Structure formats: structure tokens, C-alpha cells
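Residue numbers (UniProt numbering), protein chains in the order written: chain F, 1 to 207; chain Z, 1 to 210.
Don't read these hints as lab results, they were simulated from the structure.
Please read all numbers here as calculations on a predicted model, not as lab measurements.
No residue lacks a Cβ here, since even glycine has one placed at the ideal position from N, Cα and C.
Careful, some of the hints might be misleading.
Rough simulated footprint, nothing fancy, chain F against chain Z, three-plus residues with beta-carbon under 8 Å [unchecked claim]:
#: 1; stretch: 41 to 49
#: 2; stretch: 113 to 122
#: 3; stretch: 156 to 167
#: 4; stretch: 199 to 209
Calculated pairs, PhoX-like style, for lysine-lysine (alpha carbon to alpha carbon, straight line, at most 20 Å) [said to hold, decoys possible]:
#: 5; chain 1: F; residue 1: Lys94; chain 2: Z; residue 2: Lys6
#: 6; chain 1: Z; residue 1: Lys6; chain 2: Z; residue 2: Lys210
#: 7; chain 1: Z; residue 1: Lys6; chain 2: F; residue 2: Lys33
Chain by chain, the residues:
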Amino acid sequence: MRRQLPVWLGFIAGMLVIIARYFAFPGFTQVQKTLDNWAMYSGAAAFLMGMINLTIVHKTNIQRRRENWGASLVLLIAMFGYFIYGLFTGPDDKLFVSIFNATISPLGSAMFSLLAFYMLSAAYRAFRMKTLEATILLAAGLIGILGNAPIGAAISPWIPSARNWMTEILNTAAMRAVTIGTALGAYAAMVRILLGIERSYLGGRGD
Amino acid sequence: MGGLPKTVELTIGAIGTLAVFSFLYKENLAYRYMEHIYIGLAAAHGAVLTFHNQLKPLFLKQIGAQGQYSLLIPVAMGLLLYLRYGPKEWVWISRLPMAFWVGYNAGYTLAYDPKVLLGQITGTFLKFSAKTVGESINNILFVLICVFTLVYFMFTLKREGQVMKGISAFTRYAFMVALGVGFSNGIMARVSLFLGRVQFLLGDWLGLVK
Numbered sequence: 001m002r003r004q005l006p007v008w009l010g011f012i013a014g015m016l017v018i019i020a021r022y023f024a025f026p027g028f029t030q031v032q033k034t035l036d037n038w039a040m041y042s043g044a045a046a047f048l049m050g051m052i053n054l055t056i057v058h059k060t061n062i063q064r065r066r067e068n069w070g071a072s073l074v075l076l077i078a079m080f081g082y083f084i085y086g087l088f089t090g091p092d093d094k095l096f097v098s099i100f101n102a103t104i105s106p107l108g109s110a111m112f113s114l115l116a117f118y119m120l121s122a123a124y125r126a127f128r129m130k131t132l133e134a135t136i137l138l139a140a141g142l143i144g145i146l147g148n149a150p151i152g153a154a155i156s157p158w159i160p161s162a163r164n165w166m167t168e169i170l171n172t173a174a175m176r177a178v179t180i181g182t183a184l185g186a187y188a189a190m191v192r193i194l195l196g197i198e199r200s201y202l203g204g205r206g207d
Numbered sequence: 001m002g003g004l005p006k007t008v009e010l011t012i013g014a015i016g017t018l019a020v021f022s023f024l025y026k027e028n029l030a031y032r033y034m035e036h037i038y039i040g041l042a043a044a045h046g047a048v049l050t051f052h053n054q055l056k057p058l059f060l061k062q063i064g065a066q067g068q069y070s071l072l073i074p075v076a077m078g079l080l081l082y083l084r085y086g087p088k089e090w091v092w093i094s095r096l097p098m099a100f101w102v103g104y105n106a107g108y109t110l111a112y113d114p115k116v117l118l119g120q121i122t123g124t125f126l127k128f129s130a131k132t133v134g135e136s137i138n139n140i141l142f143v144l145i146c147v148f149t150l151v152y153f154m155f156t157l158k159r160e161g162q163v164m165k166g167i168s169a170f171t172r173y174a175f176m177v178a179l180g181v182g183f184s185n186g187i188m189a190r191v192s193l194f195l196g197r198v199q200f201l202l203g204d205w206l207g208l209v210k
């Protein structure tokens with residue numbers, strides 16, 4: 001029962017959505033709307049999961065005095081302080097918005113922009129001209145980078161054109177094939193989930 | 001309560017940005033602390049938005065004012081997820097909402113996604129005889145690369161014979177160009193984000209660049 005009940009619940013929820021979409025049975029539009037609401041509000045009710053998980057992990061760090069436990073303490077103070085303040089004042093409060101603008105917004109951009117350096121470093125390692133394929137990859141990458149920057153057009157006007165052509169024709173065509181392949185794979189995985197063949201998402205030990 | 005003065009807001013943002021960039025030199029305490037602050041604040045921000053934008057209107061308006069008590073069922077189902085932190089014999093109950101979400105999303109994908117995919121498939125087969133020769137060549141290339149890439153990744157097909165070997169080689173080279181230009185676009189997107197942060201530091205914060 002512990003394994004079968006969740007599988008049946010998932011099967012019924014999924015099949016109701018499929019039936020509502022493909023068959024015009026009376027009343028099924030309402031069923032679909034109800035399921036949409038259920039998915040949204042049940043997800044909202046689980047809104048504390050992230051904070052609870054973080055609390056468990058970082059509480060353990062502090063208790064065991066692991067390396068950088070001070071950072072864990074700062075995390076918990078920042079998280080609960082901001083959460084309690086936001087809970088009482090609401091997301092439109094000026095200080096709440098101000099803290100977002102001063103921390104989350106710039107730190108998020110800075111974190112993502114760090115990836116530029118790691119991608120460049122990966123490119124340096126991947127784009128070595130050891131084989132013909134690697135040479136083509138290097139040439140396409142260089143034209144792509146130069147074509148995206150003003151210096152490309154300054155060197156030659158055909159560089160941005162070549163970059164656009166490669167993006168619109170070659171890249172789009174290859175990525176279209178990848179999209180079709182992954183979508184077909186995803187559909188197969190979804191069918192396996194609905195039929196209860198794939199159950200790894202339930203976790204646990206087979207009980 | 002009033003917000004922070006703009007200068008304070010910018011200075012905190014700048015110190016945070018510099019602390020994050022210090023990771024490029026090496027792992028250090030400033031980065032580690034700023035990373036933890038960011039994670040904590042982001043988690044709290046998400047929870048506050050969910051509470052005020054979804055749960056509060058649900059309880060005050062839909063359940064409280066309009067009397068839609070059936071909406072308590074999904075709320076109760078969502079709350080079951082917290083049982084994973086409860087006694088061991090109750091942990092399995094937390095699988096119920098997870099199974100509902102996964103099943104619902106699997107059904108949703110199977111019900112609504114194929115229409116989008118079919119549009120992409122039909123959109124792939126462009127006219128070979130277009131208005132100009134250049135456009136025709138582009139269309140032929142587009143179709144060939146897409147079909148050959150699909151063939152290339154069918155691992156059940158043996159790559160035997162001149163035709164299959166030719167298709168394999170052509171696809172490999174075309175795919176390398178596609179990956180190269182895709183990768184360069186990815187790099188440039190991050191570089192523009194980095195330039196945005198530099199503009200923030202030198203322009204918004206220090207006022208050196210306008």
C-alpha cells in the first residue's frame with residue numbers, strides 16, 4: 001500500500017488531465033480546472049520546504065562546528081530575519097524591497113556572471129585544434145564570439161553575417177533535432193511514470 | 001518602514017558583488033559568507049512571496065469570503081509533504097503529494113506538449129524551392145542537418161556502408177559548427193551579465209562611467 005497508493009494517485013491525476021484534454025466529456029473541463037488549482041495550492045502549502053531543508057543542514061553544521069559554521073549561522077539569521085519581517089510587512093514594504101535590491105538582485109547577477117570565466121576556461125580546454133572536429137568547433141566559436149561583439153564588425157562585415165547564418169540555420173537545425181529527440185524521450189519517461197514502471201521519484205527503500 | 005537610502009543600497013550591492021568576484025582569485029571567507037547570505041535571503045524571499053501572493057488570498061478571499069472549502073483539500077495535501085520530517089512510520093505519506101505533482105505534470109506534458117512539438121516538426125520541413133537560390137540552399141541545409149542529426153543519434157542504427165558513414169561525417173561537422181556557435185552565444189550572454197556588473201560598480205556605485 002505504501003508504494004501502490006502514491007503510484008495510483010499519480011496515475012489518476014495524470015490520466016484525468018489527459019482525458020480532459022483529448023476527450024470532450026461533459027464536466028471534464030471543470031475537473032481540469034480543479035486539478036490545476038490543486039497542483040498550484042498544494043505546491044504553495046509546501047512553501048516552507050526549502051527553508052526547513054536549509055535549517056536542518058545548517059543547524060547540523062553549527063552543532064558539529066564544521067568548517068565555515070559561522071557562515072551557516074549567518075545564513076540562518078539572514079533567512080529567518082528576512083522571512084519574519086516579510087511575513088508581517090508583506091512583499092511591497094519599502095525595506096523588504098530595498099533589501100532585495102541591495103542583496104538578492106546584485107548577488108544573483110554576480111553569481112551568474114561568474115560563469116563567463118568558467119565557460120571561457122572550459123572553452124580554452126575544449127577548443128584545442130587536435131582534430132578536424134575540434135578545429136571546426138574552435139572556428140565556429142571564434143566567429144560566434146567576434147560576431148557578437150562590435151570588434152567583429154570592425155574586422156570584417158561578414159563576421160556578424162556569418163555568425164547570424166550559423167545561428168539561424170546550423171544551430172537552429174541541430175538544436176531542433178535535439179529538441180525532437182529529447183521530447184520523444186520525455187514522453188516515454190512520462191508514460192513510464194504514469195504506468196508506475198518508473199518510481200524513483202518516490203524515493204525511499206521499497207517499503 | 002521606509003527603505004534604505006539609495007547610496008546604502010548601492011554600497012551593500014557593490015560589496016556583495018566584489019565579494020562574489022573575489023572567488024575568481026580563490027575560495028575565501030568573503031565569498032563564502034556572501035554566498036550563504038544570498039541563499040538564505042533568496043529562500044526567505046521565495047517563501048514570503050508564496051505566502052502573500054498565494055496562500056493569503058486563498059485563505060482570506062477564496063476560503064474565507066467565498067466559502068470554497070474544497071480548496072482546503074490541496075492545502076492539506078501540500079502539508080502532508082512535511083511528514084517527511086515526522087516519525088519514520090509516517091514518512092511514506094509524504095510521497096502522496098509528490099506522486100500527485102509528478103503524475104499531474106506527466107499527464108500535463110503528454111496532453112499539451114505534443115501540439116507544440118508537432119508545430120516544430122512541421123516547421124522544420126521548409127520549402128526547397130524558395131524565392132532566392134540562397135534561401136533554397138539554406139532551407140535544404142536546415143532540413144538535412146535536422147534529419148541527419150536525428151539519424152546520427154539513433155544508436156540502434158548501425159553506421160555501415162558509404163551512405164551512413166557520409167551522413168555521420170556530415171552531421172558531425174555540422175554539429176560541431178552548431179555547438180561552437182551555440183557555446184559562443186552562451187559565453188557572450190554571461191560576458192554581457194559580467195559587463196552589467198562592472199557598469200554597476202563603475203557607473204551606479206562609483207559614478208565613474210555614465
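Do the hints match the structure? See the list:
1. 41 to 49: holds (count 9)
2. 113 to 122: Coverage by chain F holds for the stretch 113 to 122 of chain Z (5 residues, Cβ < 8 Å).
3. 156 to 167: violated (count 0)
4. 199 to 209: violated (count 1)
5. F:Lys94 x Z:Lys6: holds, 12 Å
6. Z:Lys6 x Z:Lys210: Answer holds: Lys6 (chain Z) to Lys210 (chain Z) is near 17 Å, not above 20 Å.
7. Z:Lys6 x F:Lys33: violated, 44 Å
Hints 3, 4, 7, counting from the list given before, are not met by this structure.
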